[in-house]
Every structure is written in structure tokens, then in C-alpha cells.
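J.: Required output: the full structure, derived from the provided sequences and hints.
Each chain, letter by letter, is given below.
There are 2 protein chains.
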Amino acid sequence: MLGRVNHIAIAVPDLKAASASYRDTLGAVVSEPQSLPEHGVTVVFVELPNTKVELLQPLGEASPIAAFLEKNPSGGMHHICYEVDDILAARDQLTASGARVLGNGEPKIGAHGKPVLFLHPKDFFGTLIELEQV
Amino acid sequence: MLGRVNHIAIAVPDLKAASASYRDTLGAVVSEPQSLPEHGVTVVFVELPNTKVELLQPLGEASPIAAFLEKNPSGGMHHICYEVDDILAARDQLTASGARVLGNGEPKIGAHGKPVLFLHPKDFFGTLIELEQV
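Just so you know, the protein sequences line up as chains A and B, in that order. The number in the numbering used here is simply the position in the first sequence, starting from 1, with 38 added. The number in the numbering used here is simply the position in the second sequence, starting from 1, with 38 added.
Don't read these hints as lab results, they were simulated from the structure. Hints are supplied without guarantee of correctness; some may be wrong.
[Unchecked claim] To be clear about the criterion: a stretch of chain B counts as covered by chain A if any three or more of its residues have a C-beta under 8 Å from a C-beta of chain A, and this derived list gives those stretches:
1. 55–66
2. 70–80
3. 86–96
4. 137–149
5. 159–167
Heads up, the beta-carbon is just placed ideally off N, CA and C, and yes, glycines get one too.
T.: And the structure:
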């Protein structure tokens, strides 16, 4: 079921500083920040040769990463996104095996304009997993 | 400086259960467990098309992931490993820019038999970064 690692998401309290750190200190190619108000985040893409890291900063009220940053004020690794061919088939297979899908169980359109689902971190050893249909 | 994401490491309290979950529930290809007593971990490799996830369970006394699991008993994302061409050049550039290398600053031979260094998570927004010379 799991395909490529689409991205690793890192929540940060200061996107400008984090972006400068990945660009200047770590020598990576980073994008301009993109505000995604419908997802409650501003994102910078760190382009690596085989995948990407997404630096996320909360945007607006009720950001999905606000609680994480309250618990981890310096920031930290937030989730891993894997690509899947068929998100509904993946969901049905996962729920049949007892794994919990967050929200109402229906895929939403994610930050890349593609259907995504999140799996409950308690069912996967503390790791929040995003599935994205590509 | 940063090359490919070599792996994403996830610390887990129960490697057998985590391995079964990635294999049976998530449908990934997972390796047999490998005990690395000199690194204080037992590891299972989850092979993805573009990188790998390493599931780590503490092994022996003074495992480097024991404190993390005490703080995160269910497990969680532990570090990201990036490939670099020249680890000494990378280290010198990083320390010159003020980033802290863990330990005595000298590369050690990592779990893949190659020189590695870890960077202080406080200098990188809560993310523990491993550099591996490939």
C-alpha cells in the first residue's frame, strides 16, 4: 500500500528563521513561503533529491499544528506523508484492520490539491501518518 | 550540503508489533530485525520506493533512544538522516555557522558502516538531524 515518502513535515514556531537555517546553514534549496489559509499553515518546501521536507508554521485560528507547537514550543517532526495509488481502497483496508482514520473518514483535498487522509498516531506507534493519492 | 533523505528513524517500544503493523496493516516491505549492540538498537528497515524508514527499539543498557522512549512511551519520529558527500567539510561549515554537533564532534561509524554525525536538535527547531557520508 505505501508508496513513496511524499514529504516529512516539521512544525516550527518561526518559519522565516527555520527557512533561513535550512537554506544558509544546511545548504538546501528552499521555496518561498506559501500561505494556505484553508489548511491553517504557511509552508516552505525544502527540496531534497529524493523527497521533500515541509516546514510548517501555524496560520490563523485553529491551525492543525497549534496544539503540537504548544506541546513542543521549539518545533519538531510532525508527520510523514506516504503516497498511495487509491486512497479509498487504502482507507477501507486500513479501517478493516482496525486502524483509525482521523476526522470523518472521508479524504479531504490536501495542501497539494490531492486527496489526503490522516491515520491516528496511537495506531502507528506515535507517528502521525498522512496518505496522499497521487 | 544536504543530499538525499537516507532514512527517517522512528523509535518504537515493541519492534515486533511495529514491524507487523508496517508489513500487514500498511503493506510495506520490512526487513528482518537486525541487532546492532554497538549502537544500542535493534532495527527493522521499511523499504519505500525513494527512501526508507528505520524502526528502532532499544537494545542493552544506555541505548541512545531510551530517554526518548521514556518521554514518548508509545514511540515517535526520532530523527532524519541526510546524506552528505563530505562529512568533515559539512561539520566544519556547520560549526562555523554556530550549529552544535553532538558528542566530541568527530564522526563515528554509524549503523550502515559509514561515518555519521548528529546535530543538536535545539539548533534545528526540535529536529534531530543525522548526517551520513555516502
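J.: Does each hint hold? Answer for all of them.
T.: For each hint, the structure was consulted:
Taking a C-beta to C-beta cut-off of 8 Å, the region 55–66 of chain B contributes 9 residues in contact with chain A, enough for the three needed, and the coverage statement holds. Judged by the Cβ-Cβ criterion of 8 Å, the region 70–80 of chain B is not covered by chain A as claimed, because only 0 of its residues qualify and three are needed. For the region 86–96 of chain B, the proposed coverage by chain A is satisfied: 6 residues have a C-beta within less than 8 Å of a C-beta in that chain, meeting the threshold of three. Here's how the region 137–149 of chain B fares: 1 of its residues keep a CB closer than 8 Å to some CB of chain A, so the rule of at least three is not met and the hint is violated.
Residues of the region 159–167 of chain B lying with their CB closer than 8 Å to a CB of chain A number 8, which satisfies the three-residue condition for coverage.
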